Amino acid sequence: MALDKIGIAKRIAQELRDGWYVNLGIGIPTLVANYIPEGIEVEFQSENGVLGMGPFPFEGEEDADLINAGKQTITTLKGAAFFDSATSFAMIRGQHVQLTVLGAMEVSQNGDIANWKIPGKMVKGMGGAMDLVASAENIIVAMMHSNREGESKILKKCSLPLTGVGCVKKVVTELAVLEIKDNKFYLLERAPGVSVEEIISKTEGDLVVPDFVPEMKL
Amino acid sequence: MNKVVKNVEEALTGIESGMTLMLGGFGLCGIPENSIAQLVKMKVKDLTCISNNAGVDDFGLGLLLQEKQIKKMISSYVGENAEFERQMLSGELEVDLIPQGSLAERCRAGGAGIPAFFTPAGFGTEVAEGKEVRVFNGKPHILESALTADFAIVKAWKGDTEGNLVFKATACNFNPMMAMAGKITIAEVEELVPAGELDPNFIHTPGIFVQRIFKGEKFEKRIEQRTVRPKK
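Those sequence lines, one after another, are chains R and Z. For the first sequence, my numbering begins at 1 and goes up steadily by one. For the second sequence, my numbering begins at 1 and goes up steadily by one.
With the rest of the complex left out, here is chain R (with noise of 0.2 Å):
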């Protein structure tokens, strides 16, 4: 069966090492907060200007000055830091921070990604997301596999505007997990009870199977 937004979110923490920083986009991105593997210790970083960020305030205690990059009120964990923006970036482009975690319209199978404007229809700005895809040494990116219409989202080339190009190396979605190298999409895992043909079916960029497509493990 294909996976909902936590098992991808799930497999993604998978990723996650020890003592690594960690940026985590909106959306399926910050559920990966919720699944560190036990034993290891990881801390988030927030590009509006906070290291160690810590679960949503309980009911009441909500700080307007105390937010996430996608504007949610947050807490802080023991050790946390607080700095501006130009601060936080310089972490970001600067490779401090060892992970990236985001959101994508499309991947393709060079690396490029698009995810911050359909022309004429929705123009919400890039926000940190050039930055950190330029930068980043290792990106994950967590999306579906298709659209609603049915169309592929791994694609040959991105239709889209670019966010960034040639960046992204591994990709999480409700069927598969990918590798991009060389040019192109490598199967490395399929999601458990998913079937190989349904994931090459789905896939419009040029996609490696090997002979053996193992289950994730959540």
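Please note that a few of the clues may not be correct.
[What the hints assert, rightly or not] For lysine-lysine, the following BS3-like pairs were computed, each having C-alpha atoms within a straight-line distance of at most 27 Å: (1) Lys78(R) / Lys232(Z); (2) Lys117(R) / Lys131(Z); (3) Lys221(Z) / Lys124(R); (4) Lys169(R) / Lys117(R); (5) Lys78(R) / Lys139(Z); (6) Lys117(R) / Lys184(R); (7) Lys124(R) / Lys232(Z); (8) Lys157(R) / Lys184(R); (9) Lys217(R) / Lys170(R); (10) Lys45(Z) / Lys183(Z); (11) Lys231(Z) / Lys215(Z); (12) Lys168(Z) / Lys231(Z); (13) Lys158(Z) / Lys78(R); (14) Lys10(R) / Lys231(Z); (15) Lys217(R) / Lys5(R); (16) Lys68(Z) / Lys124(R); (17) Lys121(R) / Lys139(Z); (18) Lys72(Z) / Lys124(R); (19) Lys121(R) / Lys71(Z); (20) Lys158(Z) / Lys221(Z); (21) Lys10(R) / Lys217(R); (22) Lys139(Z) / Lys170(R).
[To be verified] Just so you have them, the derived chain Z footprint on chain R, three or more residues with Cβ under 8 Å: (23) 86-98; (24) 121-129.
Honestly, the hints are just simulated from the structure, not real lab data. Source: prediction; values computed, not measured. Ideal placement from N, C-alpha and C gives every residue a C-beta, glycine not left out.
Guided by the hints, dock chain Z onto chain R, whose structure is given.
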């Protein structure tokens, strides 16, 4: 040097139609809400506003958009505002969307006497169109120029009579860089204290960057996304 002005009216004196303003804040967090309300009252028009976001329909910079006082917005993310989207798609409002880190650094550079800098953000995207590209350490970067403003309007938690500022939590965001980049910088604060009461070790923005400071009359501090977990 005493920077105190008696109220928001005095603080915003000299702001005229057609000027470029920087306004601190991220979403509705850390925005100079008293000054924005005053700009509405002043009816100044054709403003170019540099701000990470554009408020929501009925708060923050959304209030200026409703009155069509803004000619051009320079922002990184404008998603929460239907009137903004309408004015932008219809062409009434000129919009320059730039990556958030580049926006922060362009303000910082403007205040720091750095006319331009190279950044990898936006290379290969429409943001890079018309900009010089140069390769450093094998990686392409684009040239971004500094931003300054006729007036920068920032919001701080505490300030003293010298204009020294302390921000609270994530209400800091763009405020320190914008304070540096304004030809005249106005700070509205929640608490205004005499010089000497703030510990010099913990000043975020030194008073040299601030020309006028006043205590805001009231702070609504609206929350955009109230997310909570139930008490056990």
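Here is how each hint holds up against the structure:
no. : hint                  : in the structure
1   : Lys78(R) / Lys232(Z)  : holds (21 Å)
2   : Lys117(R) / Lys131(Z) : holds (20 Å)
3   : Lys221(Z) / Lys124(R) : holds (23 Å)
4   : Lys169(R) / Lys117(R) : holds (22 Å)
5   : Lys78(R) / Lys139(Z)  : violated (37 Å)
6   : Lys117(R) / Lys184(R) : holds (25 Å)
7   : Lys124(R) / Lys232(Z) : violated (37 Å)
8   : Lys157(R) / Lys184(R) : holds (11 Å)
9   : Lys217(R) / Lys170(R) : holds (17 Å)
10  : Lys45(Z) / Lys183(Z)  : holds (19 Å)
11  : Lys231(Z) / Lys215(Z) : violated (35 Å)
12  : Lys168(Z) / Lys231(Z) : holds (25 Å)
13  : Lys158(Z) / Lys78(R)  : holds (23 Å)
14  : Lys10(R) / Lys231(Z)  : holds (25 Å)
15  : Lys217(R) / Lys5(R)   : holds (15 Å)
16  : Lys68(Z) / Lys124(R)  : holds (19 Å)
17  : Lys121(R) / Lys139(Z) : violated (33 Å)
18  : Lys72(Z) / Lys124(R)  : holds (16 Å)
19  : Lys121(R) / Lys71(Z)  : holds (21 Å)
20  : Lys158(Z) / Lys221(Z) : holds (15 Å)
21  : Lys10(R) / Lys217(R)  : holds (10 Å)
22  : Lys139(Z) / Lys170(R) : holds (21 Å)
23  : 86-98                 : holds (count 5)
24  : 121-129               : holds (count 7)
Hint violations for this structure: numbers 5, 7, 11, 17, all remaining hints satisfied.
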